[in-house]
Amino acid sequence: MKRIKTLTASTMDKTVVNGGCGECQTSCQSACKTSCTVGNQSCEHKEEQ
Amino acid sequence: MVHRYKNNGYNIVLDVASGSVHVVDDLVYEMIGLYEEHDRDEIRDAMLKMFGDAYSSEEIDETYDEITSIKDAGQLFTEDAYRDIIIDFKKRKTVVKALCLHMAHDCNLACRYCFAEEGTYHGQKRELMSYEVGKKALDFLIENSGNRVNLEVDFFGGEPLMNFEVVKQLVAYGRSREKEAGKNFRFTLTTNGVLLDDEVTEFCNREISNVVLSLDGRKCVNDRMRPARNGQGSFDIIVPKFKRFVEQRGDKSYYVRGTFTHENLDFYQDFLAMADLGFKEISIEPVVAPPSASYSIKEEDIAAICEEYDKLAKDLIEREKSGKPITFFHFKIDLNGGPCVYKRLSGCGSGTEYLAVTPGGDLYPCHQFVGIDEFKLGDVDHGITNTAVVEDFKCCNVYAKDKCKDCFARFYCSGGCAANAYQFHGNILDAYDIGCELQRKRIECAIMIKAALADTEEGDS
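Residue numbers (my numbering), protein chains in the order written: chain A, 636 to 684; chain B, 53 to 513.
Incorrect hints may have been included.
[To be verified] DSBU-like, lysine-lysine: derived pairs with alpha carbons at most 30 Å apart:
#1 B:Lys376 to A:Lys649
#2 B:Lys446 to B:Lys457
#3 B:Lys101 to A:Lys649
#4 B:Lys145 to A:Lys649
#5 B:Lys145 to B:Lys455
#6 B:Lys350 to B:Lys455
#7 A:Lys649 to B:Lys384
#8 A:Lys637 to B:Lys123
#9 B:Lys366 to A:Lys640
#10 B:Lys101 to A:Lys640
#11 A:Lys649 to B:Lys350
#12 B:Lys101 to A:Lys637
#13 B:Lys142 to B:Lys428
#14 A:Lys649 to B:Lys143
#15 A:Lys649 to B:Lys428
#16 B:Lys145 to A:Lys640
#17 B:Lys384 to B:Lys123
#18 A:Lys640 to B:Lys231
#19 B:Lys446 to A:Lys649
#20 A:Lys649 to B:Lys123
#21 B:Lys142 to B:Lys58
#22 B:Lys58 to A:Lys640
#23 B:Lys123 to B:Lys428
#24 B:Lys58 to A:Lys637
#25 B:Lys384 to A:Lys637
Quick caveat, the hints were computed from the structure, so don't treat them as lab data.
Note that the structure is predicted; figures quoted are calculated from it, not measured.
Make the full structure from the sequences, and use the hints.
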């Protein structure tokens, strides 16, 4: 693809199968107490994804 | 839904529902903008008109096929098919897995913008949490956490180090129960630093997985908003302590966290001040304050704030390239892993899996709702008794919010902060509009940084 560089061909839909365990960090327990920043939290099962 | 934007010389295309990110040239960028509403011939004509003879008809047709192949691979114009699963997910029985313990409704600083009103939270009395109340809170957490293993407890305030002895006792109690309960406690602490000493440092390095150190950046900025109760600035008291703390922290996590306001819209300078002090993990958030407050962020501040975010993003790229990276919390993004769809779309967990506990043992949906009577959920003696409010929070997800429906950021902010929505609109299913604008900008910057660094790696290889 000469004109298109895909940074990530993320397949978020795959996380539907294994996701939802709820073990990951609550966003306001990290470094925000006045906003909601969920997208930067890590998955506890990243290795398995 | 596709979100296209230009930043720092990059044309970025985000396929919202799949999370795919593409960096494209000008031709692709314009063609994707027309792709859904126009056919191949119309797009070719439009491109020839737009770019003159820069591209031939053949090149444009070839590019059209490339775009189509990416679409067919599920990386462009993907349908958002998660609505039903999230609604079902939110209906599940909830467990509590995180508590914000208000160790002190009191503070040794008098920060002007404090949403906790120096620890008094909407007129609550100044008091410290007793060991007995804290212990009941941890028991409540263990008993209500179902099969969750990782339990989070944040020591918060006011200023939690005003009650350090009880913090230590509660950590010891939590640890003593971990094995038999099959749980793993992750303790965190948020402090203004005034009482930080070697004993606290040693304790935190042993027991506290993340410590948030409050500092607003430049001395003049910090001291204007974060004075001691005698009116003197706190910078000279806390900065030497923070530097010593971080030196001894090793590789354990910490954040130096600041707040910017209408009075320091040039907050990139505050980031630089923090970086010059040697801090490597930095978070700076916009103040959330009623519009009547002189220092609140105004609608007309948004453009200036976005410019500062751009400067900050470019700075972080340069630091990364030079091998001296700094982590800026709000630009952290993991494009290849990151949270699952459930986490992304179901919200921060306030009122369901994340609760706040006052010094007297009352339960609230989160630290920001403390002291608002209608949100009191129960207490550590009786558990949750106000189940109606919990049900309201269970229904709180991006699909329940009109403003999130067409927003590209919904997979990253999870519908935003319920407390902010309530503060500005009296409804947790609304959204704080200025906060949304700034969140969108931060996500754009975060993705652009990834694009720039990928570019560098490619150049190196």
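Cross-check of the supplied hints:
Only pairs whose Cα atoms come within 30 Å are accepted, and lysine 376 (chain B) paired with lysine 649 (chain A) is rejected, the gap being roughly 35 Å. The straight-line distance between the Cα atoms of lysine 446 (chain B) and lysine 457 (chain B) is roughly 18 Å, inside the 30 Å bound, and the hint therefore holds. About 41 Å separates the Cα atoms of lysine 101 (chain B) and lysine 649 (chain A), which puts this hinted pair outside 30 Å; it is violated. For the proposed pair lysine 145 (chain B) and lysine 649 (chain A), the alpha carbon gap of about 23 Å is at most 30 Å, so the pair holds.
At roughly 27 Å between alpha-carbon atoms, lysine 145 (chain B) and lysine 455 (chain B) fall within 30 Å of each other, so this suggested pair holds. Proposed proximity of lysine 350 (chain B) and lysine 455 (chain B) is supported: the alpha carbons are some 19 Å apart, at most 30 Å. Simply put, lysine 649 (chain A) and lysine 384 (chain B) have alpha-carbon atoms about 22 Å apart, close enough for the 30 Å limit, and the pair holds. Annotation: proposed proximity of lysine 637 (chain A) to lysine 123 (chain B) holds, straight-line Cα distance about 16 Å (limit 30 Å).
Our distance criterion of 30 Å between C-alpha atoms is met by lysine 366 (chain B) and lysine 640 (chain A), whose separation comes to about 21 Å. Between lysine 101 (chain B) and lysine 640 (chain A) the alpha-carbon distance is near 25 Å, which keeps this suggested pair within the 30 Å criterion. Between lysine 649 (chain A) and lysine 350 (chain B) the CA atoms are separated by roughly 40 Å; this puts the pair beyond 30 Å, and the hint is violated. Distance hint between lysine 101 (chain B) and lysine 637 (chain A) is fulfilled; the C-alpha atoms sit about 22 Å from each other, no more than 30 Å.
Straight-line distance between C-alpha atoms of lysine 142 (chain B) and lysine 428 (chain B) comes to about 21 Å, which keeps the hinted pair within the 30 Å bound. Our distance criterion of 30 Å between C-alpha atoms is met by lysine 649 (chain A) and lysine 143 (chain B), whose separation comes to about 21 Å. Between lysine 649 (chain A) and lysine 428 (chain B) the CA atoms are separated by roughly 38 Å; this puts the pair beyond 30 Å, and the hint is violated. The suggested pairing of lysine 145 (chain B) with lysine 640 (chain A) is violated, with an alpha-carbon distance near 43 Å, which exceeds 30 Å.
Among the hinted pairs, lysine 384 (chain B) with lysine 123 (chain B) is consistent with the structure: their alpha-carbon atoms are about 27 Å apart, no more than 30 Å. Between lysine 640 (chain A) and lysine 231 (chain B) the alpha-carbon distance is near 49 Å, which puts this suggested pair outside the 30 Å criterion. Distance check on the hinted pair: lysine 446 (chain B) and lysine 649 (chain A) sit about 24 Å apart at the alpha-carbon level, within 30 Å; holds. Distance restraint check for lysine 649 (chain A) and lysine 123 (chain B): the Cα-Cα separation of roughly 17 Å lies within the 30 Å cut-off, and the hinted pair is therefore satisfied.
The hinted pair formed by lysine 142 (chain B) and lysine 58 (chain B) fails the criterion: a straight-line CA distance of about 36 Å is larger than 30 Å. Of the pairs offered as hints, the one joining lysine 58 (chain B) and lysine 640 (chain A) holds, with about 15 Å between alpha carbons and a cut-off of 30 Å not exceeded. Taken as a hint, the lysine 123 (chain B) and lysine 428 (chain B) pair is broken in the structure, with Cα atoms around 48 Å apart against an allowance of 30 Å. Distance hint between lysine 58 (chain B) and lysine 637 (chain A) is fulfilled; the C-alpha atoms sit about 19 Å from each other, no more than 30 Å.
Pair hint lysine 384 (chain B) plus lysine 637 (chain A) holds up; C-alpha atoms about 28 Å apart against a cutoff of 30 Å.
Figure legend: structure checked against the earlier numbered hints; hints not met, in rising order: 1, 3, 11, 15, 16, 18, 21, 23.
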